[in-house]
Amino acid sequence: MLPIGHYLFLSFALFVIGVIGVITRRNVIVVLMSVELILNAVNINLVAFSRLYGDVAGQVFALFIIADAAAEAAVGLGIIIAFFRNRETVLADEMDLLKW
Amino acid sequence: MTATGTFLSFLWLIPLFPLATAALMLFVGRRIPKAGVSLLCVGSVALSFVCGVGAVFQLLAADPEYRVSQQILFEWLTPGPMQMSAGHTVPFVADWGFLLDPLSCVMVLVVTGVGLLIHIYSVGYMTHEGGYYRFFGYMNLFMFAMLTLVLANNMLLMFVGWEGVGLCSYLLIGFYFLKKSAADAGKKAFIVNRIGDAGFILGILLVAGTLGTIRFTAQGLPDSGGYSGILEALRTAVSSGTLGYGAPALTAIALLLFVGAAGKSAQIPLYVWLPDAMEGPTPVSALIHAATMVTAGVYMVVRMNAVYQLAPFAMDVVAVVGAVTAIFAASIALVQNDIKKVLAYSTISQLGYMFLALGVGAFTAGIFHLMTHAFFKALLFLGAGSVIHAMSGEQDIRKMGGLWNKIPVTAKTFLIATLAIAGIFPFAGFFSKDEILGSSFDRYRSLWLVGFVTAGMTAFYMFRLLFLTFFGYSRADEHVEKHIHESPPSMTVPLVILAGLSVIGGWIGWPGSLGGENRFERFLEPVLTGAVSETGTVKIAHHGLATEYFLMLLSLSIAGAGIWLAYQFYQTKRIAPEVAAAKWPRLYDVLVHKYYVDEIYDAVFVNRVKDLGTWLGVFDAKVIDGLGVDGTGWLARSGSKLSMWWDKWVIDGLLNLGAKMMQLLSYPVRLLQTGVLSSYAMLILIGLVVLLAYYGHHMHVLLRGAR
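Protein chains in written order, with my numbering: chain R, 1 to 100; chain B, 1 to 707.
Next up, chain B with everything else stripped away, as it sits in the complex:
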């Protein structure tokens, strides 16, 4: 049975609702009262969520192999000839079309669902902030862009969403734009993402040039239309032998796309923007920089899995970068004191996990972790926001403590999220992390070890955060202490719902070894068929049940060890953190300063770019302005001087010559005009006499006649 239904044929409504309210907010939002803003903006996301759920259910009604719904709204870039790298030309087209398959189902549900909860939370969190409508306008614009990204049926439209979320990320990080650090953080995020985007767009061009199409798949489109997609083109190329396993073109595509993914999903070396992005309001950190946008890179790699499966070298790069990022960011998180910074590095670390999963070929595990991470990390950020709210804006965990009884709902949900991210059974994080670790154990033991150690570190820094924030004695000053209060229901209800999801969210991927059937993996399988059935997913030599149990026990015990260590450090104080820091001062210093990466980047890249700017400034002043502008000015001045000389001596000279002639000629006439009345009378008389003398004979005749 194929997938049909009302919701499926109106897929485009999902991104449209937030776009409409975003436009409304950004154009006339100032005049809409706060209640109206909340109602419209939360309502539109709720409508998107409803449409999304409806569409997913209608898709689920179909048989697994027919679970693809694709519709092309209109041709966006109309067909034009494009020369392929092989030499022949093909018609190139980009549509404005939407694709709903199991993969985008997961993303749509996560984005709209978690997005809706965060929107509701924001109503409470942002009440006292200025620019309420602006905040919600940007948030809804973000929802539109993110939904366009996950629903796009081709790479170019995906890139539109990709840039859209980048823009909204920039706008929302710099939401408090009067604060210099916030404005700088926004710029940093934008610029670092540009580097990744350059790789992405080169990847798109290379896909177009190699495969002749940028549409992901032709599935779900009528056969008669002659549509082709990347998947189909790859299959044709592989069966005809033009491209094969490990083909350089495919490896190049995969690596370029991964550059884009690393930028958006904050992987080494492009992760530096994410910690700074915490300058934005906390719901933004939860929605954009934890749950949705930063996972776009993971989604994109899974979306292009057909290419990656044929590019083993790129896969290894992804796995290594992911693993290194995971342990690197986790080690920084161990010593951070800002509640949001800890969570930011934790996010980078967890994203590293996801890429590790993708790199070892466990695409479903990556997406599974993406989903569970969206639940518990959004919850952690929202909980942190609730804590910050209660602490009158304080973010330093050294000045917290003892909040367990004062803000009970926040504290309990935070504990659940912490257990989930630490990977404790049966919370959501356990299942997804275990799947990742299991997959990497089969492929690269060394990478498994890295992920395994990271899991321990994760448990340690999260429980360190938990103990310092909620337990022990309060270290806040009296003024703050007096104001501590639980957040309003609009904030706590989303916390509770997300806490529920953090508990049960992993159960849909309940592994076979524990008596489940991993429905999640089966659900996603149709998307991951790949271009060649034999290569399929990169074949993993599946381990036995005993190994699986052993691995589970191992990850549980390292998580337990991390928790125990955090307990000893920060709860019983049996080991003082200061002593440990003093024992390894160099290590501690490096960690506190985040491996000096920002400083190194400043020295190697930022300042070099600034030097280039200075040099260009001098070049501009000396060469462009000096030689070009001033030179032209000098030329014009000299030319006009010449022209002036010509004008003065030749044109004016001719005129003056005429005037001088006139003056000369008129000189004798002037003598007559004395201005003396009597002389005029005299002249009149003389004239009369002359006239009489001349006409005298007439006078004579006249007089004679008279006689």
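With the rest of the complex left out, here is chain R:
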């Protein structure tokens, strides 16, 4: 069995890639994909610790997160489509309506 450090490293790597994606990319669809990466990093973490402690609750949590991610993707893509119809753009730096 691989020591926990490997899993954590993979998880950490995915997380960092995701975060960098979220922060740097302009295309909101890519940002959404990066968020998925972060979520999956968390999943790996949870499953790894679940395995380590022999506690199945972590895996259940991971399943919830997968469902949650699916829902989030659906809602998020819906918002993007609605936004695109209004503003004809999917670029994050043009979505400056949060500041009035």
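Any given hint might turn out to be false.
Sample of chain R residues at the chain B side, in silico, Cβ under 7 Å [as the list claims (entries may be wrong)]:
1. Val16
2. Ile17
3. Val19
4. Ile23
5. Ala92
6. Asp93
7. Glu94
Short, incomplete list of chain R residues facing chain B, as computed with Cβ under 10 Å [unchecked claim]:
8. Ser11
9. Arg25
10. Arg26
11. Ile29
12. Val31
13. Met33
14. Met95
15. Asp96
The set of hints was computed from the structure by calculation and includes no laboratory data. From the three backbone atoms N, C-alpha and C, an ideal C-beta is built for every residue, glycine too.
Got chain R sorted already, so can you dock chain B onto it with the hints?
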């Protein structure tokens, strides 16, 4: 035997009937059909008449000295302390009470009787007029007010009736209120009467202040009640010596009351409203401006005879004013061409006769003439109304003529009334006029002469009217000519009844010299006892029988002369009126223009009042509006400007200061909020890192535990 009876105890019903129907007419009259209006309004006056007759008969059943019935319905102004002119205080009270004595008997019978006939006549006369219910409502209201006036047991209630008849007179003169002249005439009557009323009310106040009571008499009231009346108070004052024959206070009272009487009864100088009052419908002229209301002044003076008998100067004033009014108005009537105007000036002249009678102390003669005049003058006016009716509204006697055969009933009754007013034996006017002339002959020969000449003038202008209207050739245009017709029975029956009264009405005062016993004078005597038996009526040195016959012959001959002159002028045309007018152009001009009195009043009073109004208008605009209203406005504006400055700079300034502070403080926070999604993500990340750095050792523990 004292006077008692059902009718006497229900005296208040007499004025109540017309009041009830008046209220009905004025509130819901519009919805009542014409037949109902006639039935109700004529019926209520008929009921009043019946009650009046019943009450008079019950009073007559009593012995002469007990012929007083008085009842107090309720205390109207409750007793309060009043300081008398002598200094001490007395309780002052005014009741709502009614008094029936021989004097008010005559008035009640005249008012309800003649009133009833005129109401019946109006049913025919007003059929084609608009506002039928309104007319009868006002007429019945007038009946109520007039009956209150004559039945009142005190001066204040009498004043209520007095004002009530004035109001109804105003309403009925202005009955055709869309016609400007009618509306103006109504106003004129009202305003001129106000001047007289001011004198009346001052007189009432002076009576109250001098005598401590305004009740006419305490007779007919229970002795135990401690009631006092003017008569009793006068007697006490005279016997104690505080007031006497010719006392200034009594003279002042008498003169002030006479001012009121002159206003209501159209005496110089307040007569100007009566000719204009002819703008009203003719039955109104007959009822109000000939038979009843205008005689209220005469009634009031006789009612206050106890005061007048002690005020010789006031009596002389009354006599002179009456005589001058009589001849003055008669001279104007000589040349008037409007049938109603002639009758109006004739009324003023006859009222002058009545005041002449009162002034020389012949109170019964005044009331006697009041009664006979009510009969024949009402008849003359109603006849004139019938003529106007036949002539399709024409009132100018120059456009009449030859009506004798076309409207026979009207013509014959008119002739009777004309004979009566001219004082021809044995018509009613002869007896009353003769009594007046006889009394004034005894007191002031000069005033007798004035009255004597007036009698001739009266005969002349009345027969001039008669000849021009009913005889000769018709001068009406064809259109009118075709429509001439006799009036319906509802109009002619009252004419016939009044004609009967104009013939026999004077017979109750058949003088002793002609074998009668003058029942009328004896009937009224108890009212005229006065405050002191010696002064009694102002003592007249009674002339002998020979003088009396001589005077009668004289008045008959001057009346005959007047008639003969009118005959020569207007019937045989032996003397042309135009020639006479051309001979004395100045005189004729003055008479036609009614001595220019209206013009003089306009110049001296009316226009001065208008000037005052204009001046007050300017004062109002400049001072009240300019200084007062605009000044206040300026003050308010300046004040609010100040307030605005305070609000803007201090109140708002403080608020703005707070807001500015907030803005300043929040400036650095605003920098964080860029609105760019990525930067928010970056901030979240930084936050995460900081949190991790801070709680790093916990993480360490967690990780160590995992190993």
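Exercise. If you take the shortest Cβ to Cβ gap from Asp93 of chain R to chain B, is it below 7 Å?
Worked result: Given a least distance of 6 Å, the restraint on Asp93 of chain R holds.
Problem set entry | chain B contact restraint for Arg25 of chain R - C-beta distance below 10 Å | holds (8 Å)
For this session: Would you check whether Ile23 of chain R satisfies its interface hint, that is, whether its CB is within less than 7 Å of any CB in chain B?
Result: holds (5 Å)
For this session: May I ask you to test the interface hint for Ser11 of chain R with respect to chain B, counting a Cβ-Cβ separation under 10 Å as satisfied?
Result: Cβ of Ser11 of chain R sits 13 Å from chain B, so the hint is violated.
Problem set entry | Restraint outcome when Asp96 of chain R is required to lie within 10 Å of chain B by C-beta distance | Status holds, d = 4 Å.
For this session: Mind checking the CB of Arg26 of chain R against every CB in chain B and telling me if the closest is under 10 Å?
Result: At 8 Å from the nearest chain B Cβ, Arg26 of chain R passes the 10 Å test, so the hint holds.
Exercise. Against chain B, with CB atoms and a cut of 7 Å, does the hint on Val16 of chain R hold up?
Worked result: violated (10 Å)
Exercise. With a cut-off of 7 Å, does the beta carbon of Val19 of chain R approach a beta carbon of chain B closely enough for the hint to hold?
Worked result: Since the shortest Cβ distance to chain B is 6 Å, the answer is holds.
Exercise. Against chain B, is Met95 of chain R within 10 Å by beta-carbon distance?
Worked result: This hint holds: Met95 of chain R lies near chain B, its Cβ roughly 6 Å from the closest one there, short of 10 Å.
Problem set entry | Satisfaction of the Ile29 of chain R interface hint, Cβ to chain B closer than 10 Å | With a minimum Cβ separation of about 13 Å from chain B (threshold 10 Å), the hint on Ile29 of chain R is violated.
Exercise. Should the interface hint for Val31 of chain R be scored as holding, given a Cβ-Cβ cut-off of 10 Å against chain B?
Worked result: Interface hint status for Val31 of chain R: holds (8 Å vs cutoff 10 Å).
Problem set entry | Interface hint for Glu94 of chain R, Cβ within 7 Å of any Cβ on chain B | At 9 Å from the nearest chain B Cβ, Glu94 of chain R fails the 7 Å test, so the hint is violated.
Checked against the numbered hints given earlier, the structure breaks hints 1, 2, 7, 8, 11 and 13 and satisfies all the rest.
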